[in-house]
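Single-letter residue listing:
2 protein chains.
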Amino acid sequence: MLSKKINFKNKYAKFTKHWSPRIIAEMNDYQFKLAKIKGEFIWHNHTHTDETFIVLDGNMTLKFRDGEVNLSKGEMYVVPKGVDHKPVAFNECKILVIEPKGVINTGDAGGDLTIDKELWV
Amino acid sequence: MLSKKINFKNKYAKFTKHWSPRIIAEMNDYQFKLAKIKGEFIWHNHTHTDETFIVLDGNMTLKFRDGEVNLSKGEMYVVPKGVDHKPVAFNECKILVIEPKGVINTGDAGGDLTIDKELWV
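For the record, the sequence lines run as chains P and B. For the first sequence, counting from 1, position 49 maps to 49 in the numbering used here; every step adds exactly one. For the second sequence, counting from 1, position 41 maps to 41 in the numbering used here; every step adds exactly one.
Do not take every clue at face value.
Unchecked claim - Below, computed lysine-lysine pairings styled on BS3-like, alpha-carbon distance capped at 27 Å:
(1) B/11 / P/73
(2) P/9 / B/86
(3) B/4 / P/38
(4) B/101 / P/5
(5) B/86 / B/101
(6) P/81 / P/4
(7) B/36 / P/4
(8) B/94 / B/11
(9) B/94 / B/5
(10) B/4 / B/17
(11) P/63 / B/11
(12) B/38 / P/4
(13) P/81 / B/17
(14) P/9 / B/63
(15) B/14 / P/73
None of these hints come from the bench; they were simulated from the model. All of these numbers come straight from a predicted model, not from anything done at the bench.
Input sequences plus hints: build the corresponding full structure.
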């Protein structure tokens, strides 16, 4: 039962688009997604699930209605379900997002930045 | 709804024991655990769940009955449920393990290395 290991750097080399998470693995009914982010995302929340952010390179900020959290390489944050958040990155930041299969990046908000199909890399 | 970010380095500074995973966060009914590993663990499997290994520092090997996978910093592997595996690290290696709450480190095998209580750090 030998499948392939996943190398983050190799996976990141395969896409450039910002705010466009790429699935790299599944664990039970959860998915691991790599993303490159830069600039401001939109306010949104995920009604039914927590969402985990791990910063693999660079710096980002998670804005909340009542404050914000700055995350650097080697740091993680679990956004509780239903909590409005807005990811922001001044310079390009590389993150690993972990959440259940089927979660849409823009959550309840929808809009142009919505990725509603499964993009693997 | 502002909770604390998690810094891997700060968390690792709080324990030294090998093969003794420490919970750092929960996402829904899943847990994130940091571990320091060195030497050979035992053969075991987890009947009901996949298990994710992410190497944060150092190198490790996941041995399987039909081969092995070497993992370095920045690499991850999802061990499918029910698959026998044996983690090994020649030098100390720092890993992040992600799996459902309640999973026991020695799986079906039991024995002296079993951690059967929740250790947070």
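Exercise for review: Would you list, in rising numerical order, the hints stated earlier that this structure does not obey?
Suggested key: 6 and 13
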